Amino acid sequence: MGSLSLLSYKVRKNPVVTVLLPLLALLSIYMLVFRTDDSILGIQRLDIANHKWAHEAEGTWYFPFTSRFKMPRYSYKSQHNWLFNDHVDDIIPEGHIAHYDLNKLHARADAAIDKERVLILTPLQSFDQRYWDNIMQLSYPRELIELGFIIPRTKTGEDALKQLEAAVKRVQSDKKNQRFAKVTILKQDSQSFDKLQEKERHALSVQKERRAAMALARNELLFSTIGPHTSWVLWLDADIVETPVNLIQDMTAHDKAVLAANVFQRYHDNDKNEDAIRPYDFNNWQESDIGRELASKMQPDEIIVEGYAEIATYRPLMAHFHNANNPVDEEMMLDGVGGGCTLVKAEVHRDGAMFPNFPFYHLIETEGFAKMAKRLNYEVFGLPNYLVYHKEEFNN
Amino acid sequence: MKASSSKGSRWFSTSIISILGSIITIILLVRLVLPSSLSLTASMFKPYVPNFKNVPDVEFYDLRNYQGHKDGWQRGDKILFCVPLRDAAEHLPMFFDHLNAMTYPHNLIDLSFLVSDSSDDTMGVLLSNLQNAQSQKDKSKRFGNIEIFEKDFGQIIGQSFSDRHGFAAQGPRRKLMARARNWLGSVAIKPYHSWVYWRDVDVETIPTTIMEDLMHHDKDVIVPNVWRPLPDWLGNIQPYDLNSWKESEGGMQLADSLDEDAVIVEGYPEYATWRPHLAYMRDPNGDPEEEMQLDGIGGVSILSKAKVFRTGSHFPAFSFQKHAETEAFGKLSRAMNYNVVGLPHYVIWHIYEPSTEDLKHMAWMAEEEKRKVEETRIKEFYDKIWDSGFDDVRDDWASEKSDILLNIDLTSDPQKKVEVDWSDDDVEMQEANAALAANAKAAMANGNAQAQAQAQAAVDAANAAAANAAAGNNIGMKAAAPQPAAPGFEVAADFDPSKN
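Chains as they are written, first to last, in this note's numbering: chain A, 169 to 564; chain X, 38 to 537.
Hints in this document: simulated from the structure, not taken from any laboratory.
The structure displayed is predicted, hence computed values, not measured ones.
Be careful, since some hints might not be right.
[What the hints assert, rightly or not] Partial list, computed: chain A residues near chain X (C-beta under 8 Å): (1) THR234; (2) MET304; (3) TYR308; (4) PRO309; (5) SER341; (6) ASN345; (7) GLN356; (8) PRO495.
[To be verified] Calculated lysine-lysine pairs in the BS3-like style (CA-CA distance at most 30 Å, straight line): (9) LYS90/X / LYS323/A; (10) LYS337/A / LYS90/X; (11) LYS90/X / LYS238/A.
The beta carbon of each residue, even a glycine, is placed where N, CA and C say it ideally should be.
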């Protein structure tokens, strides 16, 4: 109260305030009572008063984006530096209009007679002369064979590329009927698939990473090379050094969507002191109940791989079904396949079956591919008594 | 002293400049004279590149050169332009107009078409349009490599809007379309493609810089927002592509509840996923550069780096995580660790195709339109007849009403006694009523039909007389009334003798 009376006292004493206060009061009365227009809310100057919806501002309902924003102005000047440039242009074929009728494309038992094209695909970590010699001795007509290689971006890859270049040049400069229909060599840019040496590459912990990289390489190779003429795709590892001469004819004769040969390995049995064979590829298997149960308990990002004591699936492995006394053309239903020597109808890949680089039903790479083919309603088979041979490993 | 030192320093600087200049010149000359692939520099700075120039049917590609740049049009990135076609002849001319207007260097665009299960002349129209495009005078307007593939997959459902968009048809239809897309993608993509662009033909409005607009975001998979125009009566515009969405809790729960081969499709009440759709995220005033992470995408216009398809991502023709085709492509690409992005405020416009419901409604509207025209025509005619054929006596009635209803109490109280003033009652009227009563009595006595007929005649006569005398109806007709006024007749009917 005291401060209030002090204030009124000061007001009375100060002539300026005595004049100003009534004036101020009058002004505010005028503002509040007599001025009738809207300006008291102060909205005339604001956007809301003359707001326009976007379609009104643009004059149409159908505009890609409002003209309040501008897309960047694009320059079309070439960024190609002709002076300091280590980039070597690849030779790209000239353009044309081509017309292909894929309805006429087929993959049937009499592949060689029907002149069906086979694409042999190999991820090439290292070049083995015996692998190449084996390819060269295949009896399937060479004008119906296309080759595809993908080479990792590593030192060993570079060496393999040089050897492959020499080999390819030799055959493609040969007589016309000795040449392959087409050879495509790719250099990989994704994660390299051969970083790990033979010894550690089978360790369980690195399997997922290694096989994911391998899956990427296989896909890159497959989708870059599969063409409108391709009827069959034969996946043949660079380590497969011995196959029957009639490999392609024998396998196409089964007329199966996916068909895996049994990969064995020759070795010298020191105990008996004689040459012998042993199973090598354990990725060809039938699903087991235990395997299914294992999968159902797994985290979504975990994978099952065959041939490790840590994951005992008790799956029937095709490698163990080999019996030299049984007929060679015996077939066996499979749920997982390896990539050692597997023949696939091109339509399976065209429908989308690829090599997952992520856990697909807890499977990865070739085994995941088999699962995907099954999801696309194709059947997967193996030939337990039809043997191809992996090269020896000298790491023990 | 001062002069000489400045002279010396000038000499010094000029000599340095000349030395530097000659060194640079020598380096440049060396670089120019020795071609870029020289083994000296090559072995030092870059990986080994084999030379297959003169070897037939051998191709070498370093995939590092085809990873896709964000300014691909300046770096010569080749685009594979994939278009699946089915019964699309009518849309092709519009599509080729869009193609020709595109600002991306045409020689860097390779076109690939898949023509499947077409009953119209899609192939013929396509070929003629392509020939026009490739024989343009301006060579920079011509496209790169062009491939047309034909493959029939067998149609399981019709192609009309409602056939295609019905709920039951979605699963099998999407799987079939996925197969078609995969056949096209897998055969068309070459090692030297850096980008892949998937486009439907039935897009009506699209910026000419669509490639650059999508590409400069430098994402693995990117889609614009897709809307469509609607007629006024449906509200002008509508989000079209509901296949671009971000996964939600509801969606995951739904996916878990379905069996392995089920396919979730968006935009149908049967599958409520509560997912945020790219289409509904549109703000017409929004920044077109804004991005949104997606899990499923639609196939109207997808730009993706070629490596995505090359490393195995595709349009699953089976139920992948309960999705198929483009939506599953989004999910698959995410599973393979690629980024999948949509632009909510950057819109391309799909054409409007009326659904069966819409067609019905439009037919009804056309019918209604016709009916309204007919109605106004008839109304005009009637109005004319009415005006010339009838007198409006409502004003007369208003003035005469008080005289005529002089004795009628207009209040509705039934208990009130009605006082009738008979003083100026008409004599003729009394006579007529008397005759009527007499005839009716006679008819009752006779009880036969003849008498009834006579009574009828008598009633007619009485009424005619009454009408002439009183003119007491509210709307009097100028022309002679062909029939007796209704009230009089009713009186006679009450007297029906046969009933007594």
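Okay, the hints, checked on the actual structure:
For THR234/A, the interface hint holds, since its Cβ comes within 8 Å of a Cβ in chain X; the closest pair sits about 5 Å apart. Restraint check, MET304/A versus chain X: the minimum CB separation of about 16 Å is more than 8 Å; hint violated. Because the smallest distance between the Cβ of TYR308/A and any Cβ of chain X comes to about 17 Å, over 8 Å, the interface hint for this residue is violated. A distance limit of 8 Å between C-beta atoms decides the matter here; for PRO309/A the minimum to chain X is near 15 Å, and the interface restraint is violated.
Annotation: SER341/A was flagged as interfacial toward chain X, and the flag holds, the nearest CB pair being 6 Å apart, inside 8 Å. Among the interface hints, the one on ASN345/A is violated; its C-beta lies about 13 Å from the nearest C-beta in chain X, farther than the 8 Å criterion. With a cut of 8 Å, the hint placing GLN356/A at the interface with chain X holds, because the nearest CB-to-CB distance is about 6 Å. At its closest, the beta carbon of PRO495/A sits 34 Å from a beta carbon of chain X; the interface hint therefore is violated under the 8 Å criterion.
A distance of roughly 24 Å separates the Cα atoms of LYS90/X and LYS323/A; the hinted pair therefore holds under the 30 Å criterion. Restraint check for LYS337/A and LYS90/X: satisfied, since their Cα atoms lie roughly 11 Å apart, inside the 30 Å limit. Restraint check: the Cα-Cα separation between LYS90/X and LYS238/A comes to about 46 Å, which exceeds 30 Å; the hinted pair is violated.
Hint compliance for this structure: hints 2, 3, 4, 6, 8, 11 are broken, all remaining hints hold.
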